[in-house]
Every structure is written in structure tokens, then in C-alpha cells.
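Novice: Top line first, the protein sequences correspond to chains L and W.
Taking the working numbering, I'd label the letters of the first sequence as residues 3 to 509.
Taking the working numbering, I'd label the letters of the second sequence as residues 3 to 509.
Everything labelled a hint here was simulated from the structure, so no lab data went into it.
Just so you know, nobody snuck in bad clues.
In this list, chains with the same sequence are indistinguishable; a pair is considered to hold if it fits within one copy or across any two.
In silico BS3-like pairs for lysine-lysine, Cα to Cα no more than 25 Å straight-line:
| no. | residue 1 | residue 2 |
| --- | --- | --- |
| 1 | K115 | K352 |
| 2 | K352 | K200 |
| 3 | K177 | K98 |
Read off the chains here:
There are 2 protein chains.
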Amino acid sequence: MRRIFLTFALCCMGQAAWLQATWDYAALARERAPLAIPEFIELLSLPNDAHFPEHVRQNVQWAEVAFAKRGFQTQRLETAGPPLLLCTRQVPKATKTILFYSHMDGQPVDPAKWHQADPWQPVLKRQTAAGQWEAIPWLWIQEQGIDPEWRIFARSASDDKGPVMMFLAALDALKQAGIEPAYHIKYILDFEEEQGSKHLPQAVEQYRSLLKADALIILDGPRHYPSNRPTLSFGARGIATITLTVYGPRMPVHSGHYGNWAPNPALQLAQLLASMKDSDGRVLIPGFYDGIELSEEVRATLAQVPDNEPLLKQQLGFVQAEKVGASLQEALQYPSLNIRGMASGWIGDKVRTIVPDKAVAEIDIRLVKESDPEQLIQLVRQHIESQGYCVLDSEPTEEARMQCSRLCRFDAHIAYRAFRTDVNSPYGKWLQRALSVAFGQAPVVKRTSGGSIPIAPFVETLGIPAITVPTVNADNNQHSPNENLRLGNFIEGIQTMLALLTVPIEQ
Amino acid sequence: MRRIFLTFALCCMGQAAWLQATWDYAALARERAPLAIPEFIELLSLPNDAHFPEHVRQNVQWAEVAFAKRGFQTQRLETAGPPLLLCTRQVPKATKTILFYSHMDGQPVDPAKWHQADPWQPVLKRQTAAGQWEAIPWLWIQEQGIDPEWRIFARSASDDKGPVMMFLAALDALKQAGIEPAYHIKYILDFEEEQGSKHLPQAVEQYRSLLKADALIILDGPRHYPSNRPTLSFGARGIATITLTVYGPRMPVHSGHYGNWAPNPALQLAQLLASMKDSDGRVLIPGFYDGIELSEEVRATLAQVPDNEPLLKQQLGFVQAEKVGASLQEALQYPSLNIRGMASGWIGDKVRTIVPDKAVAEIDIRLVKESDPEQLIQLVRQHIESQGYCVLDSEPTEEARMQCSRLCRFDAHIAYRAFRTDVNSPYGKWLQRALSVAFGQAPVVKRTSGGSIPIAPFVETLGIPAITVPTVNADNNQHSPNENLRLGNFIEGIQTMLALLTVPIEQ
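Could you build all of it, start to finish, from the sequences and the hints given here?
Specialist: So, in C-alpha cells, the structure goes:
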């Protein structure tokens, strides 16, 4: 079968548009995957902790060579931090330009917690009947062919070198088939995403003319869980943070001498936080959810996501979810107001019988496109004032201590803004069509992902839609020890890239 | 003047009862104080961190010698920890026996934080115009006489070796005056008070016949602040503790992927704590304050305490106290429910964008005599149940996670019970009379102190009233670096002990 289709493909060089309905994307991906493994091993063997400039340098150089080999021009976009790498390839007769985004850096590693000597020396593994992962020889790939349940264990196998390798492998397959991509390609590689892409917004401003494109496709992140089906995500929540510090006596005081009399900041903070949300987790601050209306059409889009909430609850160990939305997908359409940390006095071994001097709450607000982060922050601040607090921007002065019956320091920061592309926009329809063609089934369409990625600067500065095409398995231990990539996802990732590169944008 | 009175005193050997109204207690104490300083330096030079058996041994031996020298029989009461030392002196014709309690151990020291090389090498200091404490020669005491504002800096100068030395000095003064104490004396010395006197309750049970007495006087703690006037305290609050742990997902989860859906234990804990108290700090749990009635007589007793609440608030840095009682003294008549520690997730440098897996609150309940600690703990537990929680005694099982919408682990412990002696009881009246005679003014009478001391076992096991006679300055840096004793308080402490030892119990 495979050979037949390949022959067929070869006869029709340069006719990507025509091929899409007849190609066997799966077969081509299965054939290409083993050929891509040696280069992938080479890539994963490069340490990529962005704290170390030498790590960054090696990965930048590798990418320059790899993309140049595939006919790209490469250009380092210098920033005050690590450079970005822009790889550009012009396609004859193409009219559109698609900008791809991935990152090449990874989270720091703690080798002691990995089941292999070096997280940057990839290991092929299979799972035993007992559920353990045991190393197997790379040679088995040649000898037996790839078992889709095998996995490659290495830092960044999934996040985010895997998708880059899938893309390069798809380009190689197209070259072998003599087929040109359906549009001009720009690929921007980020080398400090795991450090928060601090220099990215400024760089997008500075290099906006070089980055000009019709749409942005983000190649990062896991597919829908637990279905592991091909997935498209049309947005991501942004993130803002607030640190609240409530003050009691200026130093911790004896809870015997002063308990029942000195104001307790832990109690005050608890009461303040309790006043912000109801028992189902819904924010009570007026205006916090303003502008968010889930139409019937939107609800239908959300309902088609094949979540398995009972399974997820069982895995996470709780029975009662918050009720901000009627489902997990609905809940993600609203901004959150999440207490991510809280501290006052001492606990456990260090506990002391005191009235604490202060109490701190760390809050993150996951932003949606409808919410103005400045406005949400302002609403929280006003709410605190309405609870009788003097709201401060720094430590309380002596004057503030003597004038205010309640004192709260308020430190807010907007990290990433949200973005969201219309599911039914032209590029949205294109990608749904492309994945449907390649997999014979409509992809899982997520109206927005819950997490935050540094994509809003592209959307806002370049004025283009952005859509994420995730490919890796959700249980990849991203950011953690023993990160891995399921080879079934590697193959289907190549299949996904083939669809993206060949299915024409215009219907 | 002093000489006249002394002569007068010497002529009346053994007639303590008669002397009390005519003696110049102040003069006798002023004369005795400098003579006691060398022995006090010797005592303070003995390290007394109860973590080290050698420290305990040295202090026990010193006390054995010091009390034997004053005509006491000494007896080590062995326990599973450090021994107690019981020093007994029979007085001819006496009918009553008073048991005194002090402790000889001190808090651990951190020499780096002291303004002297060795916290166990006492230094005499005076305060400069700029408010700094500068060392002065011990010789100045002989040359210039004691300035009451000078202070001795050393660990346990105030807590609690100072009162022991005052007592010994008073005995020496009586001996020189040829006067016998007004009752038989038993003095019990504790060598692990700063470690919680863990072995004391058992020892009191075991040695109850040896400890038999008519009343207990506790020589420990600071006088009323800020007046620094002679003080009597008729009780102490007890203490029980509760640790609450509220559970969310079984591990911290991504606040983007799950924020608005996974239950947040920090929010739940905040709401739970907020449900327990109103905004003025009053406990809302029905029955928590049951049995506490402050009669007009009690309110009058509380009102005579010369607190300076505006000054105290200014020093502690707040303007609005809790309103459990109409005053600090009234507030101390009620049990507290104090959040002494709280923690969930991470804050500050370590902050992570997660929904935490659990949230912990450490609570202390300062107990009053009216409140049954078991009952208060039960009320709190029932309140948590009434808020929809499954209340657990250990980590949640898988079954509990799958059955309970809210999970709270509840660990309670009763440390010390409260005690309180009637202000107008015979021994209460005696001590008020004694201090009035010695100082020409009624003492500050505290119905109860807010803190907790391990005295309830004496009261309950021996069935005797207990009253605390504090003598040291409140600003003595007790438990902290640069602990000190004001020499004015040392002198007036000797004066206090002279009154205690000579003013007859029966009117």
C-alpha cells in the first residue's frame, strides 16, 4: 500500500492541492519516522537549559544547520537575552506566509530524579506488563519497526524539540516526494520560553517586518487528554498575578499575652479571600466576569471536546469540582482567581504560639480574551478597599499603621495576555480541514486552552490569527523528571505536519 | 533611716508578724541587693540550656549548695527527664507551708545575636543618652551604689534565675536580721520549663506527698506593663492546639489547565477559618464562650489594671484591636481561637502557578478555667462538619477522596490546662496585704495572665491555690537575645520576697 501511494505521489510533483484527498498521510509518516530518529537523538543530546549560554549556543547552531539543509535561510534575531532564530523558506507560486513558533529550550533537570543517567542522553523504552519502563535497543526500530507505544525518554522530547523534529521530518518526506509546501514558511524558534520569554514582546516589535505573515501556528503542547486525538487549540488564557500582604502587629507577638486582642492578619486574610469567592469557586466581585457570554454555538464547540471528567477527577483525587462553568471546558472560558500560595506565621516543626505579623496570599488570574487585565486587577483592588482596607503599594508606614484599621499591600503584575482565534475563521477552517483529511476524522477543537503561552505579542503586534497544533502525548512528564515522547505521537505528529504543509489554505 | 529601722528590726528577732507594719522593706532590700550580686553573677555564669544534661547538672548542684547554705534540705525528684529539685525548710512554730516554684533552665542562645561575647557571662550595662546599652564595671556598684536603671545582661537574668536569687537574698537579709520566715517553705525548682515541663505532671503525681503544701507561689514572669508596679497574677490561660489540613487535588496541579475547576484547598481553608470568627475576632461557633460571665466585681478587678492600651497599640503597630472583650484584660478572660500559622502552595521566590494540593492552619486555643478543653475542641470539630466537611484523623484514604466533597484532617492536642485562684481567697488577700505593706500601695491584681504555665498539675493534683508573684521588668527580652534584668526590679524583687516571707498569712 505504502509504495503504491508513494509512487502515485511522486508522479504528481508540486501538486500539493490535488494530492490531499488521495494521499495516505499515515503511511508516509510511518515510513518517515524511523529515518528521522538518528537526527532526533542528535538534537535531544544537546543540553538546553537556558540558564547556560553555551546550551543556547549549541541549540541555535544545530537549528541553523538543520533548517539550512531543508532550504531555509536562517537569521539570528538578537535580543537582550538569548537570540531568536528565524528560518525562512520561499515557495514558488505561493501567496500566503505561515509563521510557525516552537521553542528549543527545556526546563532545568534534576538528574537524580530521572531513571536514566543523563536526561540529555535519550533512551528508548517500552513498558513492561508491571507498568515499569525498561530500556530497549535503538536497533529494534530498524529490526522490528516502530511500536507506537514505545517512548523516547529525554528532556524536551515532547516540550518542545519533538514538534520541531516532526516538522523537519515532514519536510524531508515532502522533498523525497518532490512536493513543495503550500505556502511560504517562516519558523521562529524561541530559546528562553521556559524562562518566561522575557525578551520576546520587545523582539516581536523590533523585528515585526521580518516576522510578517498571514497566520501563526504554534507547534507546542500536548493533545487533548485522555483521548490523545489530533487537536487544535484556538487560544490560551493569559496570566496576571497579585500578591496580597495583610498586616497585624509589627512583629509576631505572644498569643497568650495578646491572643483575643492583637489583630490576627491570618484571620483577616482568610476573611478577605473568603469574601472574594463563593463556596463553588465563583468570583463574587461584581464585574469580574463581565463581557463573557457563551452562545449556543460556543457551547456546542465546547461540548464536542471529548473530556472524561469522572476519570480526571479520579486521577486528581477529588469528587467535587468548582462550578465556574458547567464543565471543565466551560470553566476555562472564564478568568480565574486562584490562590496559588498562602503563608502566615509558622507551621509543622517550626510552629510557634504567636499572633503572626503578616499573612501573604499569592494569586494568579488566568485571563480570557474578553477580560481587560488592568480592569480585573482594579476590581480586586477596589473590592479589598470595600472590605475596609487601606490598600498600599509598599510596606506600611508608621502613619498608615496608626490610621488604618486594616492594612493590605497589593502588588500586581500582568505577565501574558490572552488570545483567541475564531474557530470558524478561514485559518481555523483550514486547519480543521487539514487534520480531517489526514486523519479521516475531525480533530478535537479547543476554543481555548487553560494555560498561558507568550503568543499574545505576535497576535497583537503582527495583527494575525494564532492557532496551536499540539501533537505530543499529555502524559509526557513535561517540565518534570522522565519527560518522554510516545512514538505513536511522533509518527502522527509527522502526519499532522504533512497535512499542514500540503493541504491548501484556500478551499 | 535605714539604720534605725534595722536596729529596730534586730531587737525583735523572730517577730515577723509584728515587724511588718514598721519595717522599711525598701531600705533592707537596697542594702541587701549589692551583697547578692556576686552570687548572682556566679549563678548566671552557669549555662542552662536543658538540651544539655551537663548544663542541667551544674545548675542542680549550684541550687543544692545555695539552698543548703540557707538551712534547706534538698532532694532530687527524679523523672524520665531532668530531675526536679525540692528544697525544704521547717520553721519553728509555723503552721502553714508555702510551696514556691521557679525554673532554672533558660531558652537556647544564639550568641551571634547578642551584644556580648557570651550570653552566660553576665555584663552590667547602662543606657546612654542615645539609647544604646554600654558595659560598665561591676566595681561601680560598690563605688557608687546601684542605679536602679542599670541592667544585668545574661541568659535567664530575668527568666527565671533572677527571682530565685531575689528569694535567696531575702533569706540572707532575714537571717542577718535574725528573723524567721512566717511559714514552712518548700521550693520546687524545674530544670526543663523552657522545654515544656513534659515530665512535671507525672512528677507531681509521683511526689505529691513530698510537695504537700497549703498554697503555691510561682516566682516567674514580668510585672505589669507598662506600669512596672508590683503585680499579682491569679491565674493563667491553658493551651490546646489544633492543626487543620484541607485537601484539594492529590498533587499540585497546573492553575491554567485546572484553575476554575479543581477545588482549591487554600480557598476552602480561608472560607472555613472565616466561618469561625466575625470581623472583630469573636468566635461565632455556638457554645465556645459558654460559662463565662464577667460580674461587676470581676469587671472592677479587671478595670484596676493600669493598662495603657493606646501606648501598647502604638508599640505593636496597630490601631484597631479585636473586640472579644471591652479591654485587653477582659479579652484575656475568654478562650482564644488564634491562627498561629497558615500555609498552602508556595509564596515569594518559590511561587508556582498551581492549584495547591492542601492547605494547613495551625491554631492555638488559650483556655480559661470555665472552658473544658475537650469540649472546645469538640465544638470546633463539629463546626467543621457543619460546613460540609468529612473530618478525618489521618491522611485521606482513596475512598474518602471519592466520597467527600470537602476533606479536613483534624489533629488536636491539649498542652496545659488553665488555672485561676480567687482574688479574694485567703491567700489572695494575704499576698495583696503583703505587697501593700511592703510598697505602701496596693499591687496590680491580674485576674488571669494570658499566657500558659505548667501549673495546673500542682493545682489539680495537690488541690491548692496558686498565685504568681512576678518581679522582673517586662522589657527584659525574655526568650530572646540580650535578655536582661533591671536592677531596680532586682531590688524591689528582694523587697517583694521580704514581704512574702514575713507578713503573716493569717490576718
